[in-house]
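Asker: Full structure from sequences and hints, please.
Quick note, the sequences are listed as chains A and B, same order.
Heads up, the first sequence is in the working numbering, so the first residue is 1 and it goes up one at a time.
Heads up, the second sequence is in the working numbering, so the first residue is 1 and it goes up one at a time.
The set of hints was computed from the structure by calculation and includes no laboratory data.
Check before you lean on any hint, since a few could be wrong.
Derived pair list, reagent style DSSO-like, types lysine-lysine, alpha-carbon separation capped at 30 Å [stated by the list, open to error]:
id, chain 1, residue 1, chain 2, residue 2
1, A, Lys272, B, Lys85
2, B, Lys34, A, Lys256
3, A, Lys266, B, Lys85
4, B, Lys85, B, Lys150
5, B, Lys85, A, Lys267
6, B, Lys225, A, Lys266
7, B, Lys34, A, Lys266
8, B, Lys150, B, Lys126
9, A, Lys250, B, Lys48
10, A, Lys272, B, Lys48
11, A, Lys99, B, Lys48
12, A, Lys244, B, Lys193
13, A, Lys267, A, Lys250
14, A, Lys164, A, Lys266
15, B, Lys34, A, Lys272
16, B, Lys40, A, Lys256
17, A, Lys244, B, Lys125
18, A, Lys267, B, Lys126
19, B, Lys126, B, Lys225
20, B, Lys193, A, Lys272
21, A, Lys162, A, Lys99
22, B, Lys48, A, Lys256
23, B, Lys225, B, Lys85
24, B, Lys198, A, Lys272
25, B, Lys225, A, Lys267
26, B, Lys85, A, Lys250
27, A, Lys266, B, Lys126
This structure is a prediction, so every number in the text was calculated from the model and none was measured.
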Amino acid sequence: MTQTTTGHQCAMHHRGFFDSRFFILLCIFLAGSVASGCFVLRPFTGANVDIDQLRIARDAKMLQVRRDGAERLSQRLASGDSIANADISFYFSEALLNKAASQVDSTTGWLDSLTSYNIRSIRVTLFNGSAIATIAMAAYSHQYDVDVNLLMDCILAFKIEKGKFFATLEPFNVVPTVKAAGMISSFEGIIQDIVTMKLSTLSDNLPPIQFPVDFNNQFPVQGSTVRVRTGINLDISTSPQTLKYSLALKEVQIFKGKLFVAMNVKKTEVTK
Amino acid sequence: MIMLRSLYLCACAGLIIAGCGSSLDIPSIEESRKSISDIKPQIDSLDKIIANQTRSLPGGNDLITLTRSSAVNTLLERITNRSLKDIHIDFLSTRPLWKEDKSVLGIGYTNYVDIDTGMLDIDLKKFTFTDFSGNNINAAIEVEGTGTVKASGKYTGVSATVSPQIHFYLNEQIQFTVAAADSDFIRLNPVPKTVLLKTKITVTLLGWNVPYYQEIPLQIADLVKPVSIPSAVRSEIIFPIPAAQYGDRRLDFVRRYLRFTRSSVRAHDGVLEYRSNIDFERE
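Answerer: What follows is the structure, given as structure tokens:
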């Protein structure tokens, strides 16, 4: 596991943290948890595993997500209702999603008052039926001075709320990145478990990826005046008007390399 | 110190309990390999099927919007149905609207009718995009209205004032070209054309029936101004980012402007297609 702390600092933390009384308490607690049918205990994959096992498990999980998404998309396309059957269709490229996602590159946030995280980069990949964002980030425990580099895979879930269209990031894999392969020492592992567990709440904190789509639009229709002086003298005029309309989301589909968003005109109004 | 550790343990317990039910066992390397070898061909097969079904989907730009003519017509219908008084006409003094020189027993006189004043509102009955093709939009426009004006005149030397009925009608095909600036708007420009506003006035002055019919030529570019339709993409956006300082607020917000490049628009097969590349620029 990649750590930026020195061995001396870690040893200090470990000695303080894992004195015998604390360790006994922790063991009792874990035993209790197991006895009650709740085994450990991470919402995501995390520390204390063989890194090769973790990497290949991540690949397998990614493929599962892709397969499930592709199955859903295939069923949708076979449903008979053409995706073109919408008033307005948007196609956003994968490149555009990445430009939007990159707005949070190098930003720092907080999981709690003692644990910060830094998003180094977000890379969005659009597959048939699924959008997966891989976030390279570092979580830092200020309390224990432990810095954990992570790759977090998230499914992008597209939503509309308060007239805004955005994608929330729902993590399904968290993989600590390591410099040295092999088992992580139990002490470091448990500390990192804690950081990882805190990361389980990260989906609530991660900023959504915002799309520049406007559901409420308007455009002016200019007025005009025509002077007629041939045969009969008259002035013909039209008043300027503003046409307002709102769009309702019909569906979102993800294709390889592009995001498809279909919308229908919901409400129209003309004002002078 | 013990107190702190106990508190920390409690916090851990809370987190662990919260994690119950959502725990994820890590499969062995062999299990994962088997899973991958099972799933990969399934994905390849599904991708092939989907690729066949989606060959015609557009691509090549950051943003592509396809707007169906029916959607635009839904909006235009709202304008045409809003009122029966879409177009206002002010009549100015027209002297004469009609005149005829007569002579009785060598004495000449002139019968004439003047339009003095008047105003009326007429209805834009129809304004519909009929066809998107060849990068042009064909539209049908229909205008109709009836009202009265104040007229005066002289017939056989006798003056009189009347309120004749006037009827306007226009039914024409017009055309727009489409253009995209590097912005979030699509511009529709009317193609110059002369359209004819058919005008019929039925004047009866002291038993004299004056048939007046005229086709008034109007330049469509004077009557219909260019229309800029939004592409439904904003030109600026507020991005949420993580709050750099710990506190109640978990997110900060930054403004970014969208820079549109390589924008183009095309009208074809009943669809208005807008394409652009987009970059986000800081304030």
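Asker: With reference to the structure, classify each hint as holding or not holding.
Answerer: Now for the hints, and whether the structure bears them out:
1. A/Lys272 to B/Lys85: Holds: A/Lys272 and B/Lys85 sit about 13 Å apart, inside 30 Å.
2. B/Lys34 to A/Lys256: holds (25 Å)
3. A/Lys266 to B/Lys85: holds (25 Å)
4. B/Lys85 to B/Lys150: holds (20 Å)
5. B/Lys85 to A/Lys267: holds (22 Å)
6. B/Lys225 to A/Lys266: Holds, because 26 Å separates the two Cα atoms, which is no more than 30 Å.
7. B/Lys34 to A/Lys266: Violated, because 48 Å separates the two Cα atoms, which is more than 30 Å.
8. B/Lys150 to B/Lys126: holds (29 Å)
9. A/Lys250 to B/Lys48: holds (26 Å)
10. A/Lys272 to B/Lys48: Violated - the C-alpha atoms of B/Lys48 and A/Lys272 are around 52 Å apart, more than 30 Å.
11. A/Lys99 to B/Lys48: holds (28 Å)
12. A/Lys244 to B/Lys193: Within the cut-off at roughly 29 Å; holds.
13. A/Lys267 to A/Lys250: holds (14 Å)
14. A/Lys164 to A/Lys266: holds (15 Å)
15. B/Lys34 to A/Lys272: Not satisfied, since the Cα-Cα distance of roughly 66 Å exceeds 30 Å.
16. B/Lys40 to A/Lys256: holds (16 Å)
17. A/Lys244 to B/Lys125: holds (20 Å)
18. A/Lys267 to B/Lys126: holds (20 Å)
19. B/Lys126 to B/Lys225: holds (17 Å)
20. B/Lys193 to A/Lys272: holds (27 Å)
21. A/Lys162 to A/Lys99: holds (23 Å)
22. B/Lys48 to A/Lys256: holds (11 Å)
23. B/Lys225 to B/Lys85: Holds - the C-alpha atoms of B/Lys85 and B/Lys225 are around 19 Å apart, at most 30 Å.
24. B/Lys198 to A/Lys272: Within the cut-off at roughly 28 Å; holds.
25. B/Lys225 to A/Lys267: holds (24 Å)
26. B/Lys85 to A/Lys250: violated (35 Å)
27. A/Lys266 to B/Lys126: holds (21 Å)
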